[in-house]
Amino acid sequence: MSRRPNRRIMGPQSALTDFLATHHISAAQIRADADARRRAAQRNQDEPGEEQSDQVSAPPLAPEVTVAPSPALPTRTRGRAATEVTSREEKRKKEQKVIEKIKASKKFQKRKRDLDDSDDEDDLALAIFQERSAPLPGQMENCAVCGKRFTITPYSRGAPDGGLLCTPCGKELDQKGGAPKKKAKRASGGPVGKRRQMQSTILDGTYRPGAKSLMTLCIETLAKNIDLAEDLGDLPPLVIDKIARKLSKHRLLNPTTLHLFLQPSAEEVYIYDGAKLGATDYIKIFQTVPSLKRLKIRNGIHFKDEVMEYLASRNIDLEQLYLHGSNLLSQDRWKLYLEEKGKSLYSLRVYWTDKHFGDEVLSVLEASCPSLERLKVSHNQQVTGNGIKEIAKLKSLRHLSLDLRNQVRSDVYVSLLSEIGAGLETFSLSRVLDADNTVLDAIHNNCRSLRKLRITESDVMTDEGFVRLFKNWANRSLLFVDLEKCRQLEASHPRENPDNVGFCSNAFRALMAHSGRAIRHLNVHGCRHISESAFEDVFAPGKTYPELFKLEISFCEEVTDFIVGSIFRSCPNLRELNVFGCMKVRDVRVPRGKILVGVPTAVGMVIEGDDD
Amino acid sequence: MADDGPNKYITLVSSDGFEFVVLREAACASPTIAGMLRNQMVEAKTGRCSFAEISSIILEKVAEYLSYRLKYKDKLDVPDLDIPVEYCLEMIVVADFLGLDEQMA
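Read top to bottom, the protein sequences are chains R and H.
First residue of the first sequence: 1, per full-length UniProt numbering; consecutive thereafter.
First residue of the second sequence: 1, per full-length UniProt numbering; consecutive thereafter.
Hints listed in this document are in silico derivations from the structure and should not be mistaken for laboratory results.
Just so you know, these numbers come straight off a predicted model, no measurement behind them.
One should not assume that every hint holds.
Here chain R is said to cover these stretches of chain H; the calculated rule only asks that three of the stretch's residues, wherever they fall, bring their Cβ under 8 Å from a Cβ of chain R [what the hints assert, rightly or not]: (1) 59 to 70; (2) 73 to 81; (3) 87 to 93.
The beta-carbon is built from N, C-alpha and C at its ideal position, and this holds for glycine as well.
Model the full structure from these sequences, guided by the hints.
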């Protein structure tokens, strides 16, 4: 090629050579270099001890046999045993020098921080030394045990006394238990993990600046090491409950940890994550805690017929029953339980049991649960309007929450309210798409002691209807109002709302005029047609809402920086303000101790105020 | 808090007689201790709070926690204080006794 540099006539050559040539790498050059290296290596082998410190593990190929090896020794050890004593010493000195160098290196210092005592230090230095001097992957090497020639890979194991092992010998060593102990990976505690954790707690609403309480720290430590605990001892129920919550959050509640929370003298058992418990575990609860009064089970998948039968047959009269996700319970067992034990029950909450908890079960309530005060049926596919008519017969009811998948006509709710509305303190209707103004009027006319009101996702109710509800309403101030997504849904003209469908400006003014004094929790998420001027009126300079603690105004499009500032001024006790999707909020100063969540800037979605 | 006592340090005494001197301001994070130091209690006059049922190991950790709490008051990104696993349950009881739980301000 060098003779005819300008012509592109080439003989047959490999694709690799071709490729290398395009990158100006000459295969011939590489070969020549390799030959030169090999020759040099050969020369070095002839003078042992010269280059040894760099390649300790490479067995000398042609050693001089001066110290006679014991004849019993297999041939593979001959080389090492035969190395001259002087050269060995020399080699050791060199090794020592290199190790000293390693000890001074930055990499070593960095790794040393994980260790404490000086023994470990020496070991570490030796380990780094061996790491460095080991042959590179891809080279050939003789196995230190069986002497076979093999190709080194990154996974080749080192022999205990230096050298490398071929794959079969390495596996053998592993099986003998010589596998190097891998350090358990530390959970991410770096700045990123911490920041993420902090954001998460802020969104949970449990965040507060400053150090965690000692109790929290202890409980966290305990939750991490729960497998070591045999008995929680005599802790106050509140603390036990906190531990239970923490454990459930990490999904650590299982049949073995369950017994920690079952104190024979307790009156309540709250299980926040029962997904890992079986039917026998639930039965065990009733066996260990005979004086049980309040039972809460979330994710209680295996709270099945047999468990309910057992509960009905025992001398346990529950006052509160809270079941979440117990879909395997049949309708018959529900009825059986309520008929047997309904007398003492004053709170029944059923979540996500969409299969067998239906109208028929509700029809049993009137006769069997004379003292029922609280009823919650959440995420249910079975209950229909007929079931609600049954609920209307429960005169003792104080708190009613319904989240049904079947759409129920408004007149059903109207008759429900006219029957039992007068006594209700809580009235919560989630996802009632078709409920209209007649429901609001019924609330206005019947309810006198309401404290908590929730009507969500109605796109039929109008501004007028809400105004009629709150104006001159003989009810006390509400404490909790949730009107999430009560707004007009019209894709063709999303901005215009000529009929004032949904919870709009005047309704907002009327609500705050009625309940502003005492309201603690307000959610108008997605009520898009509350105007800027309505917000400005409600949070005008002279007005204060001393009790308001949590305000959710996400997706109210008219909210501006000015309004957010006014809100902080008008609500001295506000803790958390949610403004997701309020795109006009750009740059707000947040007072100390308040949390603004959902600011749509790159600054971060949460701002914890530090302005004084 | 400095005005109701001459000294800005107070002494916590464990059941086995060890003494831990902490800042009064830090110690008052615990409503229980703050209560002992108020009014005309003996502790308020002497500035010594004896805990007959808390051992020195636990009380040392409590003292450490009180200072840690003061140091990170109103700070963001607070590193967690390590609690020795073997004393965890006792610590919970003591934390409950001293009122060092969520309800505190």
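Check: Mind checking, does the stretch 73 to 81 of chain H have 3 or more residues with a CB under 8 Å from chain R?
Finding: holds (count 8)
Check: Count the residues of the stretch 87 to 93 of chain H with a beta-carbon closer than 8 Å to any beta-carbon of chain R: does the count reach three?
Finding: Since 5 is at least three, the answer is holds.
Next item on the list: Establish whether the coverage given for the stretch 59 to 70 of chain H by chain R is satisfied; the threshold is a Cβ-Cβ distance below 8 Å, and no fewer than three residues must meet it.
Entry: Our answer is that it holds, as 4 residues pass the Cβ test (under 8 Å) against chain R, meeting three.
Of the numbered hints given earlier, the model fails none.
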